[in-house]
Amino acid sequence: MTIDSAIEILRGRMDDLGYRKNYYPHIKHFVLQPGELREVNAFNQLWILVDESSDFSISGEMGVYDLTLKNVNELKYEFQGLIRIKNYASGITHLRFVAGIPKHKKQKQNERK
Amino acid sequence: MREEQAIVEVIPISKQGEIRHFQVKVPMNAMEVIGIQTGVRIKSKAALTVIVPRDRDVAITPSVAVDSPGGISVVGELKLQSSEKPNVFYGTLVRDAFEEFDFSNPFAVPFFPEKDWTHGNKKEMEKLTIDANTTVISGVYKDNLGAALKRDMVYEVFLAVWFKIETKK
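Protein chains in written order, with the working numbering: chain X, 1 to 113; chain G, 1001 to 1169.
Accuracy of the hints is not assured; some may be wrong.
[As the list claims (entries may be wrong)] If you anchor each label on the Cβ, the simulated ranges turn out as follows:
(1) S1014/G - K21/X: 40 to 46 angstroms
(2) S1083/G - E52/X: 21 to 27 angstroms
(3) G12/X - F1158/G: 30 to 36 angstroms
(4) L1128/G - S5/X: 17 to 23 angstroms
(5) E8/X - R1095/G: 39 to 45 angstroms
(6) K1150/G - S53/X: 25 to 31 angstroms
(7) L69/X - T1167/G: 39 to 45 angstroms
(8) S1014/G - I101/X: 37 to 43 angstroms
No lab work stands behind these hints, which were simulated from the structure alone.
Even for Gly, the Cβ is constructed at its ideal location relative to N, Cα and C.
Construct the complete structure from the given sequences, taking the supplied hints into account.
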């Protein structure tokens, strides 16, 4: 998936979830050390996976992305809640997401003014 | 006129730690999700080994099932997500309420006849009120039973989603 298409998907999904334009689109680029397990609190946020590789595993609230798994009938590119990222590779792995972070109510009100 | 309607989804599980995604179609005239009901039917229990000794004509059936869940009541984890504002609106641990009883063996329950509220025949739904303004409800089920026993377990998870629907007079 390209960053452009991830941004487009994020825009549509945030609109469906009722945020419209009231969110910050962030590009997250992780640099994972060999065997590293990283946990990210993305509660109330929406993350779209950009990179595809069998070097890492990502699990979120509603599914997983792991090309090595054989007991899954679908892989997810959209993550929210507590996101767990595991680097399987023996070297450093780069991993990109596009994240939608909702704005606070105060910021929304200021924008209306 | 308002009525209630249930959509039933059967989720077959056969692999250890299986993660299965599914979709529940929402009726066009659905207004609210008013309840969720879950159940489980373990098929592996019925997979008994039959031993036939050479000096006998009658097969001996062991009293304990080969793939008995062995006291694990939580069979898995279920989550439901709307495509619209409610987002992830439901999560539950699916339990086998009758894991202590082997109903697959008819000889085990001669004094426990089936009635309306026994043997998992009738269950109550979990009440909730969620806007049903979505085309599909996405769901994910994660196996716990097979993962805990470290072997493939074959069973079916039943999910009933109850809707309040608007019908014309």
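Hint numbers contradicted by this structure: Number 4 - this is the single hint that the structure violates.
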